[in-house]
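> As a plain string of letters, each chain reads:
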Amino acid sequence: MRILNPTLICLSLLCALASGAAGAASTPVTPQEILAASDAVRNPDFPFGMTNTLVEYKNGQQTDTSTLGIYSKADPASGQFRSLIRYIAPARDASKLILFSGKDLWFYDPSSKASIRMSPQQRLLGQASNGDVVTVNLAKDYKAVTASEEDTQDGEKKTRHCYKVAMQAATPDATYHHIDMWIEVGNYHPVKARFYADSDKLLKSAYYRKYEKQLGIERPTETVIIDGLDPKWVTVMRYSELVKRDVPDLWLQREYLPRFKPE
Amino acid sequence: MKRFILAAILSGLTAAGPSSAQEDPDLEALQLADRIETKTEAPGNWRIFGEASLGGAVLRSTDGFQPDQRLSFDARYDNTFAAGWRAVLSDRLDADNPAQTPFGHDINTIREAYLSWQPGADLLFDLGRINERNGVALGYNPTDYFKASAVRSYVSVDPNSLKENRQGSVMFKAQKLSDYGSATLLYSPKLSNSVSYGDFNPDLAATNNTDRWLLTISPKLSDEFNPKLLVVKAEQVPVQFGLNLTSLISDAAVVYLEWSGGRNESQLTQAQQLQGVPAPNDTAFRQRVSSGVTYTTDNKISLTVEYQYNGAGMDQQHWDHLGTSPLYGLYRYWLQSIQESPTRRSVFLYGSWQDAMINHLDLSAMEKMNLSDSSRLSWLEARYHLSHSEYALQWQLDSGSRFSEFGAVRQTQTWALLGRVYF
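Chains as they are written, first to last, in the working numbering: chain A, 1 to 263; chain B, 1001 to 1423.
Check before you lean on any hint, since a few could be wrong.
As the list claims (entries may be wrong) - Cross-link-like lysine-lysine pairs, in silico, BS3-like; alpha carbons within 25 Å at most: (1) A:Lys58 / B:Lys1176; (2) A:Lys244 / A:Lys201; (3) A:Lys103 / B:Lys1300; (4) B:Lys1300 / A:Lys201; (5) B:Lys1039 / A:Lys140; (6) A:Lys213 / A:Lys232; (7) B:Lys1233 / A:Lys261; (8) B:Lys1039 / A:Lys244; (9) B:Lys1176 / A:Lys232; (10) A:Lys213 / B:Lys1039; (11) A:Lys58 / A:Lys261; (12) A:Lys96 / B:Lys1233; (13) A:Lys96 / B:Lys1176; (14) A:Lys96 / B:Lys1173; (15) B:Lys1173 / A:Lys261; (16) A:Lys157 / A:Lys213; (17) B:Lys1039 / A:Lys58; (18) A:Lys261 / B:Lys1190; (19) A:Lys232 / A:Lys96; (20) A:Lys232 / A:Lys158; (21) A:Lys96 / B:Lys1039; (22) A:Lys232 / B:Lys1300; (23) B:Lys1039 / A:Lys261; (24) A:Lys210 / B:Lys1039; (25) A:Lys103 / B:Lys1220; (26) A:Lys96 / B:Lys1220.
In short, the hints are calculated from the structure, not lab data.
Computed from a prediction, not measured in an experiment: that's the story for all the values here.
Chain A on its own, in the form it takes in the complex:
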């Protein structure tokens, strides 16, 4: 097992400089850079739209299913994503909207024409936190402390050689106190993650799997979330129809919610 600590990082940088290795500057070497490279695999670095189908299981029985249309773009100031979520299914929630812009959350119901401000604690769906559903750049909200190398099994039961990146919440926007994430060495594919409360209690595990070429690179098209307390509580999020599209800043304000009709 190898731990990347600041001394080693400096040494490796010096070695790279001494050897004049081409491209060394673009190769992630710090835990934070590894985390950022992994974010880039999950999240396109341009505005995009996609469909997220969530299926929730408890004790082997399907308990819920929802389909969401997601429109995201990164905020140049914070680097974090701002998103508009549109419920497509189930029928009772169809066309309801949620605007995520940092901690500014607004829920809009076209039936009552009501725009209601939500707190981050108010969840969209059963097990999936808001941070699971919307696009999040972990490197913006968490400080990666260490990155050790080890083998781990991925969500498709294959052994992968990974960095185990330990990260701590670094901003008030962070949903979890700390996270361990396994990121494959060489391609920075996120493989799995464990999310913890400040009491060190495991809140949930996530497996990033079914990699397919989407918008130019291999990206996970499915996340399996397993509850930390009740492993028989499972949420599967499947991503489809990922497209590069314009998401104007005009859309990302409360007053646009009644107007939002992307088709």
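Starting from the known structure of chain A, arrange chain B on it as the hints suggest.
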């Protein structure tokens, strides 16, 4: 024994493998995910449901039980039919037994019917009947300037139902958006004077019986701070000003303030004038306020406490004496139409628990207390929902002294069992 030793060795080998070996529960979950087949739903332009309700009321006068039934059909159509053009139609038909009005069992509400044109990304125009709703408070919305006479059919006292099941006003609306916020100007003309509760009458006079202008400005000062300022002018009424503010005070709590103020007559004077009863002009600067906090626990319980102040309502002393006056009935009738409290101060509590103890069961509870006459409205709902249907049991209790806000309504309790199917 040999088999046991072999198993122990095998299990030891597995444990000594890559630290990566998946824990069994994870493996089980992943195998489950492998078997899941998902169908990606496409967005639709229609939302249609039918609803049936069985229930009844315990009448205050006799303590007798009066059963009632309701069948409803609800449809909403929202389509972008050409680039920049959008059509919205929203309608609800309620058939009640016994009837809600003397004009028949059926009440059709054309909630919305309008066209939108968006000539550019930042400019929009609307024309038609629109349910124009403003306000960030949950129970009482002083800046909801288009709520008067908007509810044709009373389905439930739940504030969400009152906001949803109402007709809009015919208006022309223009909105300009920028990265710094939004400005909206609308004009809603007077179209008719004669109110009609007829079954399928569009009832233009209910929500278009006076000329009104509304200017709304929502500057985007920061991600966290987005006030909304409103200026409204109605025919023969001085200009009224409104303000909506919200703020996040923790990851679990949102605080809000909704204010409206301007020179106006008291509600009693307005009620008298509308019925042709002589009343002295008592125009003065009056305010309406609704402010509260919503706290959400980590197990999906949301609790709201809201203080409501209506400066055009009656103070406690005058309200105490109105019960013996012939004006009492006239005043109450008018208030039901404009959806305002008869007195000045109330407290509103609302709680909801999503997935309460079992999945898909949502519990809601509401309590409204009139602080002037101590009367109360209590309401509970248990709602169980499936993918295309939902079922609810509702209970309502109106309590208080004889002429109080809630003690004077005709029933003490109501019950309703309802089922809804989405098509």
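> Any hints this thing doesn't respect? Which numbers, in order?
1, 2, 5, 6, 7, 9, 11, 12, 18, 19
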